[in-house]
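*Asks:* Given next are the chains, with one letter for each unit.
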Amino acid sequence: MHFSRFKGILRDKITVLVEELAGASPRFSYLSDLTLEPGGNEGFEDKLSSEAAVQKYWFGSRSLILLRGSIIIPDEKEKNYSAQTRLFFGELRGTLQHSSLSVRLPINEGQFANTSDSHSLAIYYALAMDSARLDDKPAHVMALLSRAQDKIRDLSKREALSPAVIEIQQAVERAIVTQKARTPNP
Amino acid sequence: MKWPAWSLVTAFPIAGIVVLVLPVRASEDQITLYTPVLEGPAALGTSVATILNLQIWQTLRSAPSPNPAHLSFGKGVVVWGRPLMRYSHEDAEARAKEVSLLAQFVIWGKVYEYGGGAIVQANLSIPAYHDFRDAHPERWTIEIQSPAGLIRIATDMPQRRYSFEPIVLTGEVIRRYSRPGALLIYSSPRSQEAIGAVGDEFTALEHREGMVKVQSGRKTGWVRLPELSASRNEVVDFVGGIIRVFRADWAGAESLMSSVIENERAPNEIKTDAYLYRGFAAAQQNRPSEVDFLEARKLSPYARRCIVYAVMGKLSEYRLAQLGGTNGGKHKGDLLRDARRLLDEHLYLFEPDDEWVAEVSRELLKLRVSTAPAKR
Chain A
1 MHFSRFKGIL
11 RDKITVLVEE
21 LAGASPRFSY
31 LSDLTLEPGG
41 NEGFEDKLSS
51 EAAVQKYWFG
61 SRSLILLRGS
71 IIIPDEKEKN
81 YSAQTRLFFG
91 ELRGTLQHSS
101 LSVRLPINEG
111 QFANTSDSHS
121 LAIYYALAMD
131 SARLDDKPAH
141 VMALLSRAQD
151 KIRDLSKREA
161 LSPAVIEIQQ
171 AVERAIVTQK
181 ARTPNP
Chain B
1 MKWPAWSLVT
11 AFPIAGIVVL
21 VLPVRASEDQ
31 ITLYTPVLEG
41 PAALGTSVAT
51 ILNLQIWQTL
61 RSAPSPNPAH
71 LSFGKGVVVW
81 GRPLMRYSHE
91 DAEARAKEVS
101 LLAQFVIWGK
111 VYEYGGGAIV
121 QANLSIPAYH
131 DFRDAHPERW
141 TIEIQSPAGL
151 IRIATDMPQR
161 RYSFEPIVLT
171 GEVIRRYSRP
181 GALLIYSSPR
191 SQEAIGAVGD
201 EFTALEHREG
211 MVKVQSGRKT
221 GWVRLPELSA
231 SRNEVVDFVG
241 GIIRVFRADW
251 AGAESLMSSV
261 IENERAPNEI
271 KTDAYLYRGF
281 AAAQQNRPSE
291 VDFLEARKLS
301 PYARRCIVYA
311 VMGKLSEYRL
321 AQLGGTNGGK
331 HKGDLLRDAR
341 RLLDEHLYLF
351 EPDDEWVAEV
361 SRELLKLRVS
371 TAPAKR
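Protein sequence lines correspond, in order, to chains A and B. To convert, note that position 103 of the first sequence is 103 in the working numbering; the numbers rise steadily by one, no gaps. To convert, note that position 365 of the second sequence is 365 in the working numbering; the numbers rise steadily by one, no gaps.
Derived from the structure by calculation, the hints contain no laboratory data. Treat each hint with caution, since some may be false.
To spell it out: a stretch of chain B is covered by chain A in this simulated footprint if at least three of its residues, at any positions, have a beta carbon under 8 Å from a beta carbon of chain A; those stretches are [as the list claims (entries may be wrong)]:
#, segment
1, 50-57
2, 88-102
3, 105-113
4, 117-125
In silico BS3-like cross-links for lysine-lysine, where the CA-CA straight-line distance does not exceed 30 Å [unchecked claim]:
#, chain 1, residue 1, chain 2, residue 2
5, A, K13, B, K366
6, A, K79, B, K219
7, A, K13, B, K298
8, A, K180, B, K110
9, A, K157, A, K180
10, B, K110, A, K7
The beta-carbon is built from N, C-alpha and C at its ideal position, and this holds for glycine as well.
Start from the sequences and build out the full structure, keeping to the hints where you can.
*Replies:* Encoded structure:
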């Protein structure tokens with residue numbers, strides 16, 4: 001039940017996120033087919049036993065991000081279930097140290113916004129790296145990086161940033177410097 | 001995540017439709033906010049949508065108070081209706097455009113059961129379409145006299161699709177409003193005597209702090225509006241503020257956008273736009289707007305809309321100076337050069353074929369302001 005609910009929330013988030021981008025600029029309308037796979041309430045059975053297997057699957061499935069993880073049942077000390085997610089960016093890692101980052105977020109109502117924003121941040125970053133990889137105009141990449149920065153500010157407003165978010169934050173800042181450098185001064 | 005097409009279609013029952021009207025001069029444009037029932041646990045989604053609906057309705061005003069200039073802001077209407085077919089801005093906008101509705105705003109969303117509680121995720125859609133209004137105050141247009149004649153520079157509102165900070169419902173709200181008929185009507189504002197409950201159809205008649213007088217079926221009385229969460233959410237102030245922009249209620253818009261700015265839990269994107277709207281409202285009242293645009297740029301330094309509004313602010317100050325108003329001691333020419341410099345320094349945020357940049361550059365040339373052409 002926790003997984004299907006988590007997946008439903010993420011699916012809604014992606015729908016709105018893509019529509020908001022397309023609303024800001026028609027150049028983002030290519031994202032209208034971005035979807036959470038598989039459909040339905042369940043996930044794929046995870047048979048990926050090595051980093052190489054994950055990379056191969058990510059590439060072959062034309063994924064933006066591969067989400068792997070589990071719902072952790074609370075022990076005696078913890079009150080809430082948690083979602084442990086490994087976000088695999090593949091070749092869209094940009095300047096992240098590794099291709100994947102791990103986040104663990106308690107499943108409780110107080111953490112809903114953080115869960116939503118952490119995943120939005122990862123999606124904006126991956127979309128920005130995809131756009132940079134395709135050599136899109138700086139304005140296009142910057143629009144995505146700007147939205148990633150919005151999410152970083154929202155996360156930092158609520159609590160100290162997790163190591164994974166700090167790593168994305170630094171990669172976003174480096175990407176901004178790179179994009180600004182691509183535009184000659186008038 | 002990967003890229004094949006998908007769709008999610010869910011059917012919902014039809015809810016009642018209610019119109020809440022502020023009486024004003026009939027000849028003016030009507031501004032309509034549509035609030036469909038929120039998806040989610042049935043009674044809770046209906047109750048939360050009703051509460052948000054009435055809270056936003058409380059922010060509508062037909063005129064300022066006091067009103068020495070005899071201003072009228074036109075007709076404001078909140079329409080309540082059936083849920084959307086899909087969780088989607090596009091669906092919300094399609095609903096707004098229905099001929100029977102012609103709404104400018106749709107506030108929509110979902111109540112999620114999550115962890116041990118419940119969350120409201122609210123979204124705002126403001127579709128751009130021909131809605132038969134005579135005036136569009138939300139589009140910032142500046143007219144300046146130039147040696148070549150009157151020039152006109154305009155921009156649309158900052159954004160038209162928003163997601164708000166999730167609202168964590170209190171346990172009390174969940175307990176009380178998860179059952180049908182929980183929004184009680186009292187005989188008087190202070191009475192403990194419940195005379196009925198708000199049904200599917202109701203009309204709001206007047207409001208006071210935290211309560212609204214409604215007519216529902218044969219019952220007329222007062223509904224007390226609870227706080228949905230432990231901390232104040234920004235939804236009501238932000239939506240109410242933009243509605244006031246659409247009604248050219250500039251002082252009123254400033255007031256509600258100030259509340260959004262002061263709200264620590266407001267998302268960065270919403271707070272950025274609250275600064276832009278407040279600066280816009282100040283400029284429309286012939287006051288300086290630069291401070292608000294600077295604050296917006298601090299929050300979102302790489303957002304195109306912040307540069308657009310900052311440039312418009314400079315041009316607005318120039319127009320004011322041209323009319324003989326105050327310009328903070330700045331030379332008029334400096335204001336135009338500042339606008340040009342601001343644009344030049346942030347060209348990387350604009351597409352090479354950005355129509356607004358082309359328009360501003362063309363008009364600034366008429367005002368004899370130019371820099372070396374941008375090489376992009």
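*Asks:* Would you mind confirming whether the straight-line C-alpha gap from A:K157 to A:K180 stays at or under 30 Å?
*Replies:* Answer holds: A:K157 to A:K180 is near 27 Å, not above 30 Å.
*Asks:* Does A:K13 pair with B:K366 here, judged by a C-alpha cut-off of 30 Å?
*Replies:* violated (46 Å)
*Asks:* Assess, step by step, whether the Cα of A:K13 is no farther than 30 Å from the Cα of B:K298, and give holds or violated.
*Replies:* holds (26 Å)
*Asks:* Please work out if A:K180 and B:K110 have their alpha carbons no farther apart than 30 Å.
*Replies:* violated (39 Å)
*Asks:* Please verify the coverage claim for the segment 50-57 of chain B: does it have three or more residues whose C-beta sits within 8 Å of some C-beta in chain A?
*Replies:* violated (count 0)
*Asks:* Below or equal to 30 Å on CA atoms is what counts here, so check A:K79 against B:K219.
*Replies:* violated (45 Å)
*Asks:* Examine the segment 117-125 of chain B for residues whose CB is less than 8 Å from any CB of chain A, and state whether their number is three or more.
*Replies:* With 5 residues in contact (Cβ-Cβ under 8 Å with chain A), the coverage given for the segment 117-125 of chain B holds.
*Asks:* So is the segment 105-113 of chain B in contact with chain A by the C-beta rule, three or more residues under 8 Å, or is the coverage claim wrong?
*Replies:* holds (count 3)
*Asks:* Is the Cα-Cα distance between B:K110 and A:K7 30 Å or less?
*Replies:* Given that 30 Å is the threshold and the Cα spacing comes to 15 Å, the pair holds.
*Asks:* Using C-beta distances, would you say chain A covers the segment 88-102 of chain B, given that this needs three or more residues below 8 Å?
*Replies:* holds (count 3)
Hint compliance for this structure: hints 1, 5, 6, 8 are broken, all remaining hints hold.
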